[in-house]
Amino acid sequence: MGEWFEQNGALLGLALLDGIASAALIFMVAVGLNLVFGVLRVLNVAHGSFFAIGAYAAASLGLFLASAGLPAWASLLAILLAAVLTGLTLGPLIERFLLRRIYAEESVLQLLVTFALFMILEDAQKLLWGVQPVSFSGPVSMMGTVDVPFAGDVIPYNTYQVILLPAIALLTLVGLALFLRRTLTGRVIVAVTLDREAATAMGIDAGRIYLLTFAFGAVLAALGGALSAPTASLVPGVGASTIVLSFAVVATAGLGQIEGAALTALMIGIGRSVAVTFEPELEVVVPYLIMVAVLLVRPQGLFGVPETRRI
Amino acid sequence: MSTLLEARGLRLAFGGVKAADGIDLSVAKGEFLAIIGPNGAGKTTFINMTTGYLRPQGGQILYDGADITGRRPREIVRRGIARSFQLPQLFSEHTVEENAALAIAARDGIWSPLRPLLRPAWREEARELLDRFGLLPIADRRADALNEGTRKLADIAMAVALRPRVLLMDEPTSGVAASEKMAVVETLARVLRGAGVTAVFVEHDMDVVERFADRVAVWAQGRIAALGSPAQVLADPEVQRNVIGIGRPGRAGVEGPAHA
Amino acid sequence: MTLRRTEILLALLLAAALILAALSTPWLRFVLTIALAKGVAVLGILLLLRAGQVSFGHALYVALGAYAVAFLAPSMPEASLLLPAAAALAGAVGLLVGLFVSRYREIFFGMLNLALSMVFYSVLEKLYHITKGTDGIRVPAITVLGQPLEGATYGWAVFGIALALAFLFGLFVRAYLASPMGQALAAIKTRETRLDFMGVSPRQILLSAYVLSAVMAGCAGALIAMATRHVTPLLAYWTASGELVFIAVLGGAGGVLGPFLGAITFELVRVYAAATVADAWQMILGTVLLLVILFARGGIWGLVASWLGRRRAA
Numbered sequence: 001m002g003e004w005f006e007q008n009g010a011l012l013g014l015a016l017l018d019g020i021a022s023a024a025l026i027f028m029v030a031v032g033l034n035l036v037f038g039v040l041r042v043l044n045v046a047h048g049s050f051f052a053i054g055a056y057a058a059a060s061l062g063l064f065l066a067s068a069g070l071p072a073w074a075s076l077l078a079i080l081l082a083a084v085l086t087g088l089t090l091g092p093l094i095e096r097f098l099l100r101r102i103y104a105e106e107s108v109l110q111l112l113v114t115f116a117l118f119m120i121l122e123d124a125q126k127l128l129w130g131v132q133p134v135s136f137s138g139p140v141s142m143m144g145t146v147d148v149p150f151a152g153d154v155i156p157y158n159t160y161q162v163i164l165l166p167a168i169a170l171l172t173l174v175g176l177a178l179f180l181r182r183t184l185t186g187r188v189i190v191a192v193t194l195d196r197e198a199a200t201a202m203g204i205d206a207g208r209i210y211l212l213t214f215a216f217g218a219v220l221a222a223l224g225g226a227l228s229a230p231t232a233s234l235v236p237g238v239g240a241s242t243i244v245l246s247f248a249v250v251a252t253a254g255l256g257q258i259e260g261a262a263l264t265a266l267m268i269g270i271g272r273s274v275a276v277t278f279e280p281e282l283e284v285v286v287p288y289l290i291m292v293a294v295l296l297v298r299p300q301g302l303f304g305v306p307e308t309r310r311i
Numbered sequence: 001m002s003t004l005l006e007a008r009g010l011r012l013a014f015g016g017v018k019a020a021d022g023i024d025l026s027v028a029k030g031e032f033l034a035i036i037g038p039n040g041a042g043k044t045t046f047i048n049m050t051t052g053y054l055r056p057q058g059g060q061i062l063y064d065g066a067d068i069t070g071r072r073p074r075e076i077v078r079r080g081i082a083r084s085f086q087l088p089q090l091f092s093e094h095t096v097e098e099n100a101a102l103a104i105a106a107r108d109g110i111w112s113p114l115r116p117l118l119r120p121a122w123r124e125e126a127r128e129l130l131d132r133f134g135l136l137p138i139a140d141r142r143a144d145a146l147n148e149g150t151r152k153l154a155d156i157a158m159a160v161a162l163r164p165r166v167l168l169m170d171e172p173t174s175g176v177a178a179s180e181k182m183a184v185v186e187t188l189a190r191v192l193r194g195a196g197v198t199a200v201f202v203e204h205d206m207d208v209v210e211r212f213a214d215r216v217a218v219w220a221q222g223r224i225a226a227l228g229s230p231a232q233v234l235a236d237p238e239v240q241r242n243v244i245g246i247g248r249p250g251r252a253g254v255e256g257p258a259h260a
Numbered sequence: 001m002t003l004r005r006t007e008i009l010l011a012l013l014l015a016a017a018l019i020l021a022a023l024s025t026p027w028l029r030f031v032l033t034i035a036l037a038k039g040v041a042v043l044g045i046l047l048l049l050r051a052g053q054v055s056f057g058h059a060l061y062v063a064l065g066a067y068a069v070a071f072l073a074p075s076m077p078e079a080s081l082l083l084p085a086a087a088a089l090a091g092a093v094g095l096l097v098g099l100f101v102s103r104y105r106e107i108f109f110g111m112l113n114l115a116l117s118m119v120f121y122s123v124l125e126k127l128y129h130i131t132k133g134t135d136g137i138r139v140p141a142i143t144v145l146g147q148p149l150e151g152a153t154y155g156w157a158v159f160g161i162a163l164a165l166a167f168l169f170g171l172f173v174r175a176y177l178a179s180p181m182g183q184a185l186a187a188i189k190t191r192e193t194r195l196d197f198m199g200v201s202p203r204q205i206l207l208s209a210y211v212l213s214a215v216m217a218g219c220a221g222a223l224i225a226m227a228t229r230h231v232t233p234l235l236a237y238w239t240a241s242g243e244l245v246f247i248a249v250l251g252g253a254g255g256v257l258g259p260f261l262g263a264i265t266f267e268l269v270r271v272y273a274a275a276t277v278a279d280a281w282q283m284i285l286g287t288v289l290l291l292v293i294l295f296a297r298g299g300i301w302g303l304v305a306s307w308l309g310r311r312r313a314a
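Protein sequences appear in the order of chains A, B and C.
According to the UniProt record's numbering, the first sequence is numbered sequentially starting from 1.
According to the UniProt record's numbering, the second sequence is numbered sequentially starting from 1.
According to the UniProt record's numbering, the third sequence is numbered sequentially starting from 1.
Mixed in with the good hints, there may be bad ones.
Chain C stretches covered by chain B per the calculated footprint, using a threshold of three residues with CB under 8 angstroms from any CB of chain B [stated by the list, open to error]:
{"no.": "1", "segment": "168 to 178"}
{"no.": "2", "segment": "185 to 191"}
{"no.": "3", "segment": "197 to 211"}
Which chain A residues stay away from chain C? Per the calculated CB distances, all over 12 angstroms, these [as the list claims (entries may be wrong)]:
{"no.": "4", "residue": "W4"}
{"no.": "5", "residue": "L76"}
{"no.": "6", "residue": "P133"}
{"no.": "7", "residue": "G144"}
{"no.": "8", "residue": "A198"}
{"no.": "9", "residue": "R208"}
If you're looking for bench data, these hints aren't it; they were derived computationally from the structure.
Just so we're clear, the structure is a prediction, and the values are computed from it rather than from any experiment.
Ideal Cβ positions, reconstructed from N, Cα and C, are used throughout, including at glycine.
Starting from the given sequences, assemble the full structure and let the hints guide the process.
Written out as structure tokens, the structure reads:
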């Protein structure tokens with residue numbers, strides 16, 4: 001072990017930092033997916049597409065601003081703007097004109113509808129942005145690097161991924177927890193999640209809450225995507241792998257768990273980056289191995305509460 | 001008469017609410033036992049524990065001398081204890097006949113992938129069963145197109161189709177129109193007595209209890225407050241004050257679904 | 001004449017039409033072979049749909065069947081051995097995976113299947129030294145009942161096998177759906193707990209259908225490998241699973257002809273459309289899927305059946 005660490009310590013440190021950065025992004029998507037499922041009872045297969053579209057939109061806007069001669073910090077603004085624009089256009093449109101028609105339907109039809117949406121959005125990306133990789137690394141190079149101490153060594157790592165991304169994810173986590181517990185709207189969302197019938201019977205306008213929650217989830221996913229844009233060049237298929245990955249996080253953590261989702265995202269993110277570093281063949285497999293292993297032991301997820309079927 | 005079903009010191013609490021607080025009860029072979037009591041007293045919880053839906057936190061359930069505490073519903077059914085539900089649990093996309101046939105198939109061998117569910121033997125048995133319950137005229141109706149009283153009967157018919165030795169019924173007459181209630185219970189009693197089934201049923205209608213129960217157990221806050229023949233128990237002033245007012249029409253009290 | 005008997009007649013007519021089409025236009029023979037194979041796989045999706053479950057990962061079993069043929073063909077180049085081998089492998093993996101996924105319902109069921117198929121896809125892609133990665137593997141010449149066949153004759157043989165399997169599995173699934181096991185699938189959708197209180201394990205009912213669906217998807221994969229003579233990881237990609245679900249909904253889940261009507265329509269349209277609108281293909285599928293769900297829920301078979309019903313009534 002000691003000798004292995006001597007040789008691979010720096011690599012391991014790098015893998016951990018990679019993992020933290022990617023966990024921050026996965027968390028942004030997974031937490032929205034979770035929230036939307038809790039309120040609407042629809043697990044939106046197209047949720048990963050918000051991530052992908054947010055990423056492309058941020059890249060386009062960022063590149064446009066840069067070519068217009070704006071200073072480098074404007075690219076951070078582009079990220080935020082792209083996420084909000086993407087989420088607030090697609091989210092309400094989809095909830096209003098599509099999902100609203102199928103709330104009363106069998107769940108298999110709801111699933112098929114969001115799957116159809118996913119297919120449509122996947123190709124919409126290809127039509128809008130082409131299939132060539134798009135790269136937008138302005139924010140990463142702008143923010144430079146920091147030296148991260150690790151096991152008596154120092155690893156230089158880019159500030160954007162190791163400071164900014166985790167900070168935003170943490171802010172989202174704390175902000176969301178406070179929002180759900182301290183504000184009226186937040187409590188109404190929790191109430192609808194816990195018992196939809198009772199909540200609507202008490203006069204809560206479910207339609208408004210659905211719209212709000214879905215749009216909010218879409219913005220979070222798009223923000224995750226927009227933030228990911230500078231860290232890797234964008235290619236088609238991001239939406240598919242994102243939804244499967246964030247589903248893995250939600251399932252492993254347990255439905256309805258927000259803090260749990262954060263921890264699980266960290267676990268899966270690090271698991272994956274360690275695999276990338278040491279056994280690249282296993283990269284894609286690791287998140288699912290973690291998920292399957294957890295679900296075999298705890299079908300309700302790590303932090304989930306077992307639910308008995310009602311009779 | 002010999003004891004067929006016995007509860008010994010059953011305990012179960014939901015949070016701070018004691019739904020069963022040391023229930024001791026034995027049911028003799030062939031008897032009809034009514035369970036009465038206010039909503040939330042733990043009547044349904046007793047059925048849920050006996051049929052394996054809920055696991056008691058303490059105590060034992062013995063059936064035919066064997067300990068069945070905490071066994072799964074499937075296993076308990078296979079041993080001969082069936083149940084019906086307060087809210088009828090029908091397969092809503094199937095017809096009434098198919099619902100009955102599915103229950104017969106569940107009893108006689110569901111694992112046959114090539115012969116149809118509505119094979120002559122099962123179809124005949126299903127129709128004969130439905131006839132006994134007066135449901136034959138609506139045998140071809142989809143289960144989600146029935147009124148509440150008919151759903152209730154179909155639900156009980158499915159339990160009877162399993163040919164149980166013990167049948168637990170959760171409010172068999174709730175939802176049945178008042179004018180038909182007695183006829184329904186009459187039918188039910190005839191079918192069950194004819195098949196030699198031991199019955200335990202939760203009931204709010206004291207006329208039904210008086211007429212069909214051999215014994216009555218009064219539930220109150222997870223305990224059995226009184227137990228005896230209908231005449232004896234229903235005459236008890238304590239019981240009259242606390243329980244019966246709830247079930248008799250024209251008297252004070254509210255009847256509603258009892259979720260324990 | 002009842003709808004069930006009309007169904008058989010329609011199936012025979014459809015088969016005759018397929019044979020005629022394949023005779024008149026040689027390239028159609030290949031397209032229709034693929035359509036029949038996919039129809040067989042979609043029969044399995046239909047079983048799961050009956051239980052209210054949808055798998056977004058059944059391409060896993062198609063790919064398993066196809067790769068089984070590709071790996072076994074060099075040492076065992078005989079169709080009558082390869083097909084059962086592929087089916088057995090898919091069935092065995094289906095049992096193993098099914099033991100796990102049959103505990104879950106709805107979105108969990110769908111996504112766990114998706115996740116597992118994506119894992120298999122990346123295994124096929126990444127283990128280059130075994131699977132040749134995205135290049136895929138060429139399937140060597142295969143004998144049919146000991147006969148070494150060439151060109152058109154071989155094509156006809158595979159077409160014939162596909163048609164025969166389509167009939168066989170179609171009839172089997174038809175009987176299965178009417179049987180207690182099939183009827184209990186629909187019971188899982190509407191009132192699963194009641195099954196438990198009747199002494200039946202819903203999980204075992206679903207597992208049986210799942211294994212059956214895996215076997216059929218495996219056979220479909222074997223047929224596809226024999227017809228195309230080339231297998232790639234794309235067979236296992238999520239879009240391939242999505243296609244199966246798409247075909248099931250397009251064709252209609254109400255009867256066993258639905259999957260085949262859906263698959264034939266799908267493959268024919270794809271021949272014309274996919275080349276011209278390659279980048280928008282999934283988008284078109286998604287849009288049609290939405291339209292079918294919102295406005296023609298019974299799919300093609302639903303339309304045919306209601307048309308037949310009106311004719312009988314008239």
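Here's how the hints hold up against the structure:
1. 168 to 178: holds (count 4)
2. 185 to 191: holds (count 5)
3. 197 to 211: holds (count 7)
4. W4: holds, 24 angstroms
5. L76: The claim holds: L76(A) sits with its nearest Cβ about 32 angstroms from chain C, beyond 12 angstroms.
6. P133: P133(A) clear of chain C: closest Cβ-Cβ about 16 angstroms, beyond 12 angstroms.
7. G144: holds, 34 angstroms
8. A198: holds, 22 angstroms
9. R208: holds, 24 angstroms
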